[in-house]
Amino acid sequence: MKAEISWLKLAMKSLANRRLSTLLTVFSMTLSLVLLMTVERVKRAAQDGFTQSISGVDLVVGARTSPLQVILFSVFNIGQATQNVSIESYKDIKSKPEVEWTIPYSLGDGHRGFRVVGTNSDFFKYYNFRSKEKLEFSAGAPFAGFFDVVIGADVARTLNYQLGSPVVVAHGVTSGPAIQEHEDKPFKVVGILKPTGTAIDRALYISLEGMEGIHVDWQSGSAPAVGKEIKAETLTAEMLQPKSITSFFLRTKNRIEILNLQRWINEYQEEPLIAAIPGVALAELWNSLSVIDRVLKGISFLVMLVGLFSMLIAIMTSLNERRREMAILRALGASLRNVSGLILFETLILTSSAIVLACLIKLALEVFLGPWAQSNYGLYLQAPVFSSNEIFYIAIMFFSSLVISLVPAVRAMKSALKDGLSLKV
Amino acid sequence: MSSAIEISNLKFSYGPHAILDIDSLNVKAGEVVFLYGPSGSGKSTLLELIAGVLKAQGGTLKVGQQNLAELDSAELDAYRADNVGYIFQSFNLIPYLSVMENILLPFLFQPSSPDLTEVKNLISELGLKDHMNKPVTELSVGQQQRVAVARALLKKPNLILADEPTSALDYDHREKFLKILFDLCRKNNTTVLFVSHDRSIEKLFDRSISLVEHNRVKFSMAETL
Numbered sequence: 013m014k015a016e017i018s019w020l021k022l023a024m025k026s027l028a029n030r031r032l033s034t035l036l037t038v039f040s041m042t043l044s045l046v047l048l049m050t051v052e053r054v055k056r057a058a059q060d061g062f063t064q065s066i067s068g069v070d071l072v073v074g075a076r077t078s079p080l081q082v083i084l085f086s087v088f089n090i091g092q093a094t095q096n097v098s099i100e101s102y103k104d105i106k107s108k109p110e111v112e113w114t115i116p117y118s119l120g121d122g123h124r125g126f127r128v129v130g131t132n133s134d135f136f137k138y139y140n141f142r143s144k145e146k147l148e149f150s151a152g153a154p155f156a157g158f159f160d161v162v163i164g165a166d167v168a169r170t171l172n173y174q175l176g177s178p179v180v181v182a183h184g185v186t187s188g189p190a191i192q193e194h195e196d197k198p199f200k201v202v203g204i205l206k207p208t209g210t211a212i213d214r215a216l217y218i219s220l221e222g223m224e225g226i227h228v229d230w231q232s233g234s235a236p237a238v239g240k241e242i243k244a245e246t247l248t249a250e251m252l253q254p255k256s257i258t259s260f261f262l263r264t265k266n267r268i269e270i271l272n273l274q275r276w277i278n279e280y281q282e283e284p285l286i287a288a289i290p291g292v293a294l295a296e297l298w299n300s301l302s303v304i305d306r307v308l309k310g311i312s313f314l315v316m317l318v319g320l321f322s323m324l325i326a327i328m329t330s331l332n333e334r335r336r337e338m339a340i341l342r343a344l345g346a347s348l349r350n351v352s353g354l355i356l357f358e359t360l361i362l363t364s365s366a367i368v369l370a371c372l373i374k375l376a377l378e379v380f381l382g383p384w385a386q387s388n389y390g391l392y393l394q395a396p397v398f399s400s401n402e403i404f405y406i407a408i409m410f411f412s413s414l415v416i417s418l419v420p421a422v423r424a425m426k427s428a429l430k431d432g433l434s435l436k437v
Numbered sequence: 004m005s006s007a008i009e010i011s012n013l014k015f016s017y018g019p020h021a022i023l024d025i026d027s028l029n030v031k032a033g034e035v036v037f038l039y040g041p042s043g044s045g046k047s048t049l050l051e052l053i054a055g056v057l058k059a060q061g062g063t064l065k066v067g068q069q070n071l072a073e074l075d076s077a078e079l080d081a082y083r084a085d086n087v088g089y090i091f092q093s094f095n096l097i098p099y100l101s102v103m104e105n106i107l108l109p110f111l112f113q114p115s116s117p118d119l120t121e122v123k124n125l126i127s128e129l130g131l132k133d134h135m136n137k138p139v140t141e142l143s144v145g146q147q148q149r150v151a152v153a154r155a156l157l158k159k160p161n162l163i164l165a166d167e168p169t170s171a172l173d174y175d176h177r178e179k180f181l182k183i184l185f186d187l188c189r190k191n192n193t194t195v196l197f198v199s200h201d202r203s204i205e206k207l208f209d210r211s212i213s214l215v216e217h218n219r220v221k222f223s224m225a226e227t228l
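The listed protein sequences correspond, in order, to chains A and B. Start counting the first sequence at 13; every next residue gets the next number (our numbering). Start counting the second sequence at 4; every next residue gets the next number (our numbering).
It is possible that part of the hints are untrue.
[Stated by the list, open to error] Covered stretches of chain B, going by a simulated chain A footprint (3 or more residues, C-beta under 8 Å):
| # | segment |
| --- | --- |
| 1 | 51–60 |
| 2 | 125–132 |
[Said to hold, decoys possible] Covered by chain A, according to a simulated footprint, are these stretches of chain B (three or more residues, beta-carbon under 8 Å):
| # | segment |
| --- | --- |
| 3 | 75–81 |
| 4 | 91–99 |
[Stated by the list, open to error] Quick list of the computed label-pair ranges, beta carbon to beta carbon:
| # | chain 1 | residue 1 | chain 2 | residue 2 | range |
| --- | --- | --- | --- | --- | --- |
| 5 | A | Met-328 | B | Ser-6 | 55 to 61 Å |
| 6 | B | Asn-70 | A | Met-24 | 38 to 44 Å |
| 7 | B | Leu-207 | A | Val-415 | 50 to 56 Å |
| 8 | A | Arg-423 | B | Lys-31 | 37 to 43 Å |
| 9 | A | Ser-33 | B | Asn-70 | 40 to 46 Å |
| 10 | B | Ala-32 | A | Met-328 | 42 to 48 Å |
| 11 | A | Val-415 | B | Gly-61 | 47 to 53 Å |
| 12 | A | Arg-349 | B | His-20 | 26 to 32 Å |
| 13 | B | Arg-189 | A | Arg-423 | 41 to 47 Å |
| 14 | B | Glu-121 | A | Val-397 | 48 to 54 Å |
| 15 | B | Ser-203 | A | Arg-423 | 40 to 46 Å |
| 16 | B | Arg-189 | A | Phe-39 | 26 to 32 Å |
| 17 | A | Phe-39 | B | Leu-207 | 50 to 56 Å |
| 18 | B | Lys-31 | A | Ser-33 | 49 to 55 Å |
In case anyone wonders, no lab produced these hints; they're calculated from the structure. Each residue gets a CB set at the ideal place from its N, CA and C atoms; glycine is no exception.
The whole structure should be built from the sequences, with the hints applied where relevant.
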């Protein structure tokens, strides 16, 4: 016989009996939790994206601008450099005895929405992301020839490029559609990097010489006149010596030297430069963003409060209709504790379903909107799926709903005590 | 015959309002007793005292061997779950549970589990066989009251307390209902205390007791109006 009876069945059927208010309550609690977790997830993705994109770099050096600026355009492709660093200054600083290694970056061109970075083999050798992870290739090898290009994992995936695919670099655009293209000097994909979950995935890497090569016949920022083009085959290593770079990353031999070196670069006599410490500059950025973060969190908590109160109201209003039900249960032997336990148990079911539902929605959003957030906003949703903050929100929801449900539970007990078996209204 | 209910010097009042003061009232085991009195004379209160939902302020109230005055509220709940079958005037059933679930409901509050063949027998004896898995809202009032009887009897209580369970039925159904109830109770030697203000069914019982005659708190119509 299937018709067994249990507390779970009683509570479930009672909730199902009040279908509409149950659904609305679960819905509003779910919504609030999804909102909280989404805000948290986006924040975490943004923060991780920033802090993990660069690691082991002591200073980022560029032409004088604000420290944050030099990091934003160098590492994250946000904004643009207005001035370059001359190759002489770069070589001078690089040769300082305190310097362990450098990675030059030459920026300003793009390819179909991704930026093109001119650099050298030190990039593959020294660049660290997350906690000291090195770049690895999923296919191919670092560039060797002038017109070789290594592409990030996102570039390969989005544009469906393989080894050998031709790449035409667009001039002066690091995102969006190209206006002028260097179609006379196409590149060839020789390497594809493994996904890093950082801004590295969203760029193409060519040699400084290649960067120089596509601009060698350009005059003061405009394409060469007809007949003045220099053919790719005729280019020599001599002609392709880079004259300037946009910025460079620097690692010191000993961390103690960072501040001295920074001061020395900031006061560099030959040209105005700025050396920024990534951690310091990013901390400034977080400070300025923390207001937004707090506002979003505040709103999310208010939504949670609304969800909890809608649950309280739904249960409180149901109590009066259920006095008859409670009298029946009492007559059958239910204690007052059973009566309030039933109310608590129903709340537990409501809250648990809201939590399970919210987690499912969150996971579904990550699966379906994750790639979109990645390609449109560069937000990488890294493991773990649930951060300690998110678990904390779930716990807050769970325990505050239990605490709140003590109100109707006690009230149900009191009215059951007063009503007895015959309702004295 | 041993006694099922022994009341002596029982006193109960709501705040300053004395409701019951009964010198002595006894019901023998297996007896089917009709307790009558006008509304407001304390019938329901007496039932709640015997069911262990209320506690008397004085005197003794023995049901079987147990003196309810000596039990704490948790013990009273367990006593009620094990010993008392209660049938309300109407709305005995939880509307969102099926007939079967309603019948099995008492087993939430006591450790034993139902004997399912017995459940089936009882259900067919009460003519509810075709309604077992129906929602209770599809049942007629008479059928609902019979479900309440099945539920009250299934845990084999020593005592059935019935609070005017026939008042919503017409005369023919009333007699039929009582006949089924009494047959089943006599078979199990279950004591029945049936409370009503409607004396037209009095003759069907072993004995009838007037609460007004037993209650020393003088009932006045004016007070209840």
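Results of checking the hints against the structure:
| no. | hint | result |
| --- | --- | --- |
| 1 | 51–60 | holds (count 4) |
| 2 | 125–132 | violated (count 0) |
| 3 | 75–81 | holds (count 4) |
| 4 | 91–99 | holds (count 7) |
| 5 | A/Met-328 x B/Ser-6: 55 to 61 Å | violated (45 Å) |
| 6 | B/Asn-70 x A/Met-24: 38 to 44 Å | holds (40 Å) |
| 7 | B/Leu-207 x A/Val-415: 50 to 56 Å | holds (54 Å) |
| 8 | A/Arg-423 x B/Lys-31: 37 to 43 Å | holds (42 Å) |
| 9 | A/Ser-33 x B/Asn-70: 40 to 46 Å | holds (45 Å) |
| 10 | B/Ala-32 x A/Met-328: 42 to 48 Å | holds (45 Å) |
| 11 | A/Val-415 x B/Gly-61: 47 to 53 Å | violated (40 Å) |
| 12 | A/Arg-349 x B/His-20: 26 to 32 Å | holds (28 Å) |
| 13 | B/Arg-189 x A/Arg-423: 41 to 47 Å | holds (43 Å) |
| 14 | B/Glu-121 x A/Val-397: 48 to 54 Å | holds (52 Å) |
| 15 | B/Ser-203 x A/Arg-423: 40 to 46 Å | holds (41 Å) |
| 16 | B/Arg-189 x A/Phe-39: 26 to 32 Å | violated (55 Å) |
| 17 | A/Phe-39 x B/Leu-207: 50 to 56 Å | holds (55 Å) |
| 18 | B/Lys-31 x A/Ser-33: 49 to 55 Å | holds (50 Å) |
Of the numbered hints listed earlier, those contradicted by the structure are 2, 5, 11, 16.
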